[in-house]
Amino acid sequence: MTSALHFSPNVRPSLETEDLEPGARELAEVYLGVRKRQLKGVDVLETWSGGHVLPTAYAEGRMLRFLGRVYTGTRGGILGVDIGASAAVIAAGFKEKTTLGVYPHFGLGENLPALLQYTTLEDILRWSSLDVSIGVLRDYLFQKSLFPSTIPATREELSLSQAVTRQALYLAMQTAKRDFPRSARGPKAGLLPFFEPILAGGGALGDAPTPGQGLLLLLDSIQPVGVSTIILDRNNLLPLLGAASVNNSLLPVQILESGAFQSLGTVVSVVASAGVGSLIARARLTYDNGTETLADVKFGNLEVLPLPQGQSAKLSLQPQHGANVGFGSGRGGTLPVSGGSMGVVIDGRGRPLVLSEDAGRRREFIKKWLWTVGG
Amino acid sequence: MALAPVHHILPLTTVVRERVLPVKGKVLARLNQKVGPADIVAEATWAREHIFLDIARTLNISADAADKLIRCQAGDKILAGATVAVGRGLLPKMVKSPREGRVVAAGGGQVLIESGESHMELRAGIPGNVVQIIPDRGVVIQTVGALIQGVWGNGRIDTGVMINLADKPDTELTVNRLDVSMRGSIIVAGLVKRANALQAAGDLPVRGLIIGSLFPSLLPIAREMRYPIILTDSFGMLPMNSAAYRLISTNAKREATLNAEFFDRYSGARPEVIIPLPIVAEPGQPRDVEAFAPGQTVRLRRQPAAGLIGTIMVLRPGLTAFPSGLRAAAAEVKVENGEQLLIPLVNLEVVG
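These protein sequences, in sequence, are chains A and B. Residue numbers 0 to 374, in numbering that gives the first Met the number 0, belong to the letters of the first sequence in order. Residue numbers 0 to 351, in numbering that gives the first Met the number 0, belong to the letters of the second sequence in order.
The reader is advised that the hints may include incorrect statements.
Restraint-style ranges between C-beta atoms, simulated for each label pair [claimed, not checked]:
{"no.": "1", "chain 1": "A", "residue 1": "His-5", "chain 2": "B", "residue 2": "Arg-245", "range": "45 to 55 Å"}
{"no.": "2", "chain 1": "A", "residue 1": "Gly-50", "chain 2": "B", "residue 2": "Arg-245", "range": "45 to 55 Å"}
{"no.": "3", "chain 1": "B", "residue 1": "Pro-322", "chain 2": "A", "residue 2": "Pro-307", "range": "26 to 36 Å"}
{"no.": "4", "chain 1": "A", "residue 1": "Glu-28", "chain 2": "B", "residue 2": "Gln-339", "range": "49 to 59 Å"}
Pairs of lysine-lysine residues, derived as DSS-like cross-links and limited to a Cα-Cα distance of at most 25 Å, are as follows [stated by the list, open to error]:
{"no.": "5", "chain 1": "A", "residue 1": "Lys-35", "chain 2": "A", "residue 2": "Lys-96"}
{"no.": "6", "chain 1": "B", "residue 1": "Lys-76", "chain 2": "A", "residue 2": "Lys-35"}
{"no.": "7", "chain 1": "B", "residue 1": "Lys-25", "chain 2": "A", "residue 2": "Lys-35"}
{"no.": "8", "chain 1": "A", "residue 1": "Lys-94", "chain 2": "A", "residue 2": "Lys-176"}
Hint data in this document are derived by calculation from the structure and do not stem from the laboratory. Glycine residues also receive a C-beta, built at the ideal position from the N, C-alpha and C atoms.
Just chain A, same shape as in the assembly (with noise of 0.2 Å):
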């Protein structure tokens, strides 16, 4: 009988101080030293990179604090989510606290089917634009968990793969919106605190066939409030980035600054209960040239503003209603934002996203989102 011992420094020094950092780093190595046992090759790649192997949330993390001081003087924080078949992945940086959530059980490979200890069939459904019985849905899930690896050809495949993302994402932010910090509050009770930038990443997520359905799955699952440029980690540079800051911290800031990340541009993510159809906020962006595009935003509705990648505007908001762009409820302004590739994103779905309880008619909605955004 043996245990093997590990030390950490206290997590908890005094009453008012909280530093799970070296327990993390210690609990990264025990997590080494099983993948090394599991995996050939692993010894070999630590030796090359100099003993800097890192697990990959955990390098994560690293990068979502170093940007999390970064960003700082933002109101809320910075948000950093993933999703892959092992698990899924959410860091938030605010300015006192850095919180790193991993929910295996949220993957969406081998994992699949305990995702439904967490939820139902029907609730995973009602993502989907497709009708698409029960059963077929729960084979699907079975047989993805045998083969992580594989993609969807076909368009029902793709409806239930992202319809089971949604959810599954959609539950761990729920999970780690917990552990966010009392002081990290939204504009509504059980909303999310704002979040600048949002950055996203994952198979899942890298993977959609269009920027704009992989921009409405985020929007979908996370549900973010006021105003946020998402932008999308295609390449899994996060963690790579943050395992190689130990040897270089200069690198990550030249990687973040040379265009290696995809920004799908900047979401208004309104909060308002309204009926729908009814006007929420009218929208001025102005580009650089002086040129203008107006838009009423409606509740229920999304606006698309274009703004290519690498430029910039003013965009001007002003809610109705008592609706909350942002900016505290009822209250309007402007604010510079930066092009991506959907360019500015108005979701006047409100907060919390409520879907309809008709499947013909949500179905109906969730088409018309998706033709919104690019189909």
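Could you slot chain B onto chain A? The hints should help.
For chain B alone, coordinates are given in the frame of chain A:
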């Protein structure tokens, strides 16, 4: 060059399997020993729980002061109720061990005790010869025969004579197909849709079950069965793939070993059926990874043709767009019914 996972369905091959403990333990098998699948080749024990005693906080003193009062040290065996530390004063507070165990660490005003024992026995899993001993961890076993890998197993191991009840690859196993003459045998069927078929097989009892697919709702029952169950293809209503069906059918009435171990993506362990066969010359070992190439036999792993066996006709250059909108490297595959389908390479595995 796209690398392809290989799913082994082979009429004759050399099977070499590493069987290792997850923690350090004792290897019981000897080099060159002949082992059966149920033979225990290594064993290990480890603590079931850890008990943390914060002496300094309990006695309300500093860690340094507590260290002087701790009456045990790392490595000591300790009985339930034994005194771990005694405070000072006229009526000193005492800290006792709540359970019997061993002191793992003592210091910093704290004591950590490990208690209870979990025991693990590692079985050979396949019949064969021990060709290598891995000190403190396990063994490498080699055998020769037919090999059919599965996609899911319920963790059990057993050996028996195969009886084929699958007239076709999609023949359902029903209660009325089972009778007492099948006791102690390994049953082969296309699929299982009803729980009573699994239970009836257990009541006989059978020594194992090889099926193409299983209804997902039956998974909890399949896990509880005391005989090994191996799925060759998937969950749902897929028939057994033609390559596995042909090989198993032609070897019916032979003795087979079912190692229905759980799939482990790190070690590459999969559930598998091994049918030991007499040989003149030792065949080569199969490769676990190959490069995709025209002419290869492949199995389709996802819809629209999940479970079908086909042949790669053409590897498409670059990326191909699919009805889902995704773009991926692809191959044109001629499936058994003569149809030619366009399939993403990641949805294929080479059979061989």
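Quiz item: Among the hints numbered above, which are violated by the structure, and what are their numbers in rising order?
Solution: Hint check: 5, 6 fail, others pass.
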